[in-house]
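Assemble the complex: chain A is given as a structure, and chain B must be docked to it using the hints.
2 protein chains.
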Amino acid sequence: MAQTEREAIAMLEHLLPKAPRGETWLGDDAAVLGGPGGSTLLLATDAVVDGVHFDLRWSSLADVGWKALTANVSDIAAMGGEPIASVVAVAGASAADLELLYEGLVDAAATYGCPVVGGDLSAATELVVSVAVLGTVRGVSPVLRSGALGGDTLFVTGALGRSAAGLRLLSGDQVPDDECVGAHRRPVARLEQGSCAARAGARAMIDVSDGLAIDLDRLACASGVGIDLADVPVAPGATLEEALTGGEDYELAFAAADPERVAAHFAAEGLACPLAIGTCTADPSTRRLRGERLQVAGYEHRLD
Amino acid sequence: MAQTEREAIAMLEHLLPKAPRGETWLGDDAAVLGGPGGSTLLLATDAVVDGVHFDLRWSSLADVGWKALTANVSDIAAMGGEPIASVVAVAGASAADLELLYEGLVDAAATYGCPVVGGDLSAATELVVSVAVLGTVRGVSPVLRSGALGGDTLFVTGALGRSAAGLRLLSGDQVPDDECVGAHRRPVARLEQGSCAARAGARAMIDVSDGLAIDLDRLACASGVGIDLADVPVAPGATLEEALTGGEDYELAFAAADPERVAAHFAAEGLACPLAIGTCTADPSTRRLRGERLQVAGYEHRLD
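If you're matching them up, the sequences are chains A and B in order. In this text, residue positions in the first sequence follow our numbering: the first is -13, and each later residue adds one. In this text, residue positions in the second sequence follow our numbering: the first is -13, and each later residue adds one.
Just chain A, same shape as in the assembly:
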């Protein structure tokens, strides 16, 4: 019996038809579709469930709404795309809950330029917020997970582990640190960084939603390369373990051949330079951190 999302998707694959040439369906941050008039469209969905993805002791309903939209917009960012609009299906919210949830959704929608244009409401015994987001790419090709080559430099757009550290502080006895708690409650999708990376020649990209180690493993498996990390940028207040496996940072990790071109593009757009953390190796079995074996662990979506 499959127990993780990844195992279940592998099991379902035989049921699902293959994408036509030029499109990408399952297996990336967002699906890539041919739209009207030769356009390229992106479509993704992510749901959050009470007690699985959030804990209302540590996050408000407005935070949950913010984060649900952020997780979806981050999938568009990880393709180098920009969002057009979103729809939200909410099950199990009272009318009062809904108003709070929508406060966060609408805040995030305004921040990302991704309006909530439709929705569905229904009764349920627990709160489930399912968001779907539509996007497009402008002037670049969508950046898949599968394009990295041996020798590429690996980058991340920021230090990691803040969200996990925030959750640890919230659920512990210590006085919570504002920045980590803020990052846990209101993470920010890296839209500008994603489209800049695409223009700067990123060949493969993924968002760090489940933890750097597991997300880089996905990129490496899709590309058929290995991973050799020289360093992992740990956010102040976080541990190396949280940076590697905590997830929910929503920074972007990408592979590019030319580090100088990356630096030049980010500088030209007034964005902080992404951090070079290692290289892709030609040997697809390599998983290394500072010469040691990199443990591939992180947030695995369990179905049971």
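In short, the hints are calculated from the structure, not lab data. Where is the CB? At the ideal position from N, CA and C, for every residue including glycine. Take the hints with a grain of salt, since some may be wrong.
[Said to hold, decoys possible] Which residues of chain B face chain A? A partial, calculated answer using Cβ under 7 Å:
1) Glu(-9)
2) Leu29
3) Ala33
4) Gly136
Leaving out everything else, chain B in the frame of chain A:
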């Protein structure tokens, strides 16, 4: 405290920004969006929840998957559009459940030309299947709920009440009738009829998902017209009550000025002629069925 979906949406409206000119966000079957290159895109979402929208005593998981996609594709049909692709977020399904659910989803996807291109899986204590569908319109403008004028003829694309009758038969002691049970388990979205109606000059359209009376009331409210029904086509095996308020038939109801043009278009495309059931009145307060007051009742989505 708001208790129905409609009341909750009214309450949320002050939070949500207004759609720009030429777009339609909330309040129709699907949102109408400007896409890349001057294209028109449609986006909708509908979720189904175990015990609220389906009962696994009467429908299989494959039926649930079929119906979840059908409800979404029907929203595209009701705009005169065609689907491009869908994404599906499933919460609370075991791996074995998922395979059955996806059998129905993939069947429906093939039937409607609307592939499932992405998804999300998570744990939950009850089964929630949230689908979002992307579509477009070709050669016509999207048909909103709001364009009907006094004097327009009202049509439906088929007889009503079959799904409700099927459910009644399944949950009672009688031997279930195959056709009604089939319509309950595997309703069909009327894509060809929707785009034909758009070409035939339909000025307002809605899908009959919650019951003819309540769905026509929504069309009438959006258009600022009244409803005067001469007749309601009741499917064999169904009652008038089921036809008026049962819902889940997924036939389309639309208003058009020229019945002959409607008949000619449907005949030319080899489709059964829609049934003329009455007229839109200039007085927006009119709700009449064969000269009597039409009770506006149907499936109201309750949040509690």
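How the hints compare with the structure:
no.	hint	verdict
1	Glu(-9)	holds, 5 Å
2	Leu29	holds, 6 Å
3	Ala33	holds, 4 Å
4	Gly136	violated, 29 Å
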